[in-house]
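*Asks:* Please put together the full structure from these sequences, using the hints given.
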Amino acid sequence: MNLTLKIWRQKDAKAKGKFVTYKINDISPDCSFLEMLDILNEQLVEKDEEPVAFDHDCREGICGTCSLYINGRPHGPDEAVTTCQLHMRKFKDGDTIVIEPWRAKPFPVIKDLIVDRYAFDKIIQAGGYISVNTGGVPDANAIPVPKEKADLSMDAASCIGCGACVAACKNASAMLFVSAKVSQLALLPQGKTEAKRRVQKMVAKMDELGFGNCTNTYACEAECPKEISVENIARMNREFLGAKIGGNKKEK
Amino acid sequence: MARTGFYQSSLTKKYVMALAGLFLITFLFVHLGINLLVLCKGSANYEARELFNIAAHFMGTNVLIKIFEVVLFGGFIIHIIYGFVLQIQNWMARPKRYKKENFSFTSPFSKFMIHTGIIIFIFLIIHLFDFYFKAKIYGDVKEVIYDGKHYHDLGLLVIDKFQHLGFVIFYVVILIFLGFHLHHAFQSVFQSLGLNHPRYMPVLKTISLIISIILPLGFMIIPLVIYFGNY
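Going down the list, the protein sequences come from chains A and B.
The opening position of the first sequence corresponds to residue 1 in the working numbering, with each subsequent residue numbered one higher.
The opening position of the second sequence corresponds to residue 1001 in the working numbering, with each subsequent residue numbered one higher.
Simulated from the structure, these hints should not be mistaken for lab results.
A couple of the hints might just be wrong.
[Unchecked claim] Counterexamples of contact, computed for chain B against chain A with all Cβ distances above 10 Å:
no., residue
1, Ile1080
2, Ile1126
3, Phe1167
4, Phe1190
[Unchecked claim] If you anchor each label on the Cβ, the simulated ranges turn out as follows:
no., chain 1, residue 1, chain 2, residue 2, range
5, B, Leu1224, A, Asp121, 42 to 52 Å
6, B, Leu1165, A, Arg9, 55 to 65 Å
7, A, Pro189, B, Lys1205, 29 to 39 Å
8, A, Ile39, B, His1197, 44 to 54 Å
9, B, Leu1124, A, Ser28, 41 to 51 Å
10, A, Glu194, B, Val1172, 21 to 31 Å
11, B, Phe1105, A, Ile39, 27 to 37 Å
12, B, Phe1105, A, Ser158, 19 to 29 Å
13, B, Ile1088, A, Asp57, 35 to 45 Å
14, A, Asp57, B, Ile1077, 25 to 35 Å
15, B, Phe1105, A, Glu60, 50 to 60 Å
[What the hints assert, rightly or not] Far from chain B, some chain A residues (derived; all Cβ distances over 12 Å):
no., residue
16, Val109
17, Gly135
18, Pro144
19, Ala157
20, Ala172
21, Ser173
22, Lys192
23, Ala243
Idealized CB from N, CA, C, for every residue including glycine.
*Replies:* So, in structure tokens, the structure goes:
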């Protein structure tokens, strides 16, 4: 396959950045998208040019490190896969592929296609945990959990925090990510104790970081590589409303 | 976190937006119900436009309705202001836009709520000047007498307006945009308030579709019937 790549190049966080066009030839359709970029980078290094910086780690769709906004879609044109699981057979010979970094105020570009997603960690730090002191391993069946709840919680927990929801949303809203993290804990008895405080703190942090508001367009759900449902967003809305109305005194 | 001045979380704004919107939808139904009376032609029991004029008189003079009128204006203002605030925040959340914009397969109407909203807002102002202010402020409306009581002939005002084709087309086009807005609006309320359920959400989406068709269609009938019918 012969392709034309339009890639966002930005030297560092402060640089202005621009699109640079590269021609790449003889790419196998069985090649993964990141392998294609590896090939490009090898060619750039041979020519003594700066390789394209992009995030990647496990390359098997579970770590949430890879990103890339490919031809107007986060993680490219395939359904329910991360960029590392995307193959070149999804493109046609002679295609022009536009590759951009995630665009959102809370996700500033560090270099080329790499953005700083520390904002997600800050949201988790605000309340996405269960406060349990260390101790002996509890008995597995000591706390009964209904199967349906466990399944829903597991579905929410499959969020890998890649940020595709923010990238896809026309408002750069982080609602799908935050709601998945709120849901996975709020659905289980262990997470119930701190549920009210958690949802308020995580939403407050999300707002503070400058993510947009949800307009129920559901582009996040359509683009999520882990197919996280927008029902989680509704659950978070419900939890938050409940916490505001029925919660204790105002959280600091 | 520092909460200086007037702070409201993004979710609280969404609740307010949803509730105000739902309230405005109920208003549209009442508005449509009364408006359709203007199409009642005279019969042995009542004159042409009599039912509409009496209903309009009731809406304009009843104390409870007058109080509710203030609530209604409040609902509009809150929905509009919050809509703008949320939209500006959303634009600010992505200062650098994509070269190739997102084309996710989602409801197309949900992506243009601010645009259809602005169209409806501009229409609302024109609409108020056309009828509401004319009746309330200028008072240049003819009077009619039913059973010895004086009423404003607001029905005549409506019928006169819709004798002009341009006016009829303008209203019909705007009402199509109202339909686009409502299509996303109604079902969105339940998502925003967290009142969704896998079993009922498809039903709510169907209701949303029905509302987005019957409300604009109901309003459209009025100018069309007046223009093409013999009024």
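*Asks:* None of the hints should be skipped; say for each whether it holds.
*Replies:* Taking the hints in turn, this is what the structure says about them:
1. Ile1080: holds, 15 Å
2. Ile1126: holds, 26 Å
3. Phe1167: holds, 33 Å
4. Phe1190: Not fine: 8 Å to the nearest Cβ puts Phe1190 (chain B) too close to chain A.
5. B:Leu1224 <-> A:Asp121: 42 to 52 Å: The hinted range 42 to 52 Å is violated for Leu1224 (chain B) and Asp121 (chain A), with Cβ atoms some 58 Å apart.
6. B:Leu1165 <-> A:Arg9: 55 to 65 Å: holds, 56 Å
7. A:Pro189 <-> B:Lys1205: 29 to 39 Å: holds, 33 Å
8. A:Ile39 <-> B:His1197: 44 to 54 Å: holds, 49 Å
9. B:Leu1124 <-> A:Ser28: 41 to 51 Å: Given a distance of about 59 Å, which is not inside 41 to 51 Å, the answer is violated.
10. A:Glu194 <-> B:Val1172: 21 to 31 Å: The hinted range 21 to 31 Å is violated for Glu194 (chain A) and Val1172 (chain B), with Cβ atoms some 54 Å apart.
11. B:Phe1105 <-> A:Ile39: 27 to 37 Å: holds, 31 Å
12. B:Phe1105 <-> A:Ser158: 19 to 29 Å: holds, 21 Å
13. B:Ile1088 <-> A:Asp57: 35 to 45 Å: holds, 36 Å
14. A:Asp57 <-> B:Ile1077: 25 to 35 Å: violated, 50 Å
15. B:Phe1105 <-> A:Glu60: 50 to 60 Å: violated, 26 Å
16. Val109: The claim is violated: Val109 (chain A) sits with its nearest Cβ about 8 Å from chain B, within 12 Å.
17. Gly135: Given that every Cβ of chain B is farther than 12 Å from that of Gly135 (chain A), nearest at about 32 Å, it holds.
18. Pro144: holds, 23 Å
19. Ala157: holds, 19 Å
20. Ala172: violated, 4 Å
21. Ser173: violated, 7 Å
22. Lys192: Non-interface label stands for Lys192 (chain A): nearest chain B Cβ at 17 Å, farther than 12 Å.
23. Ala243: violated, 10 Å
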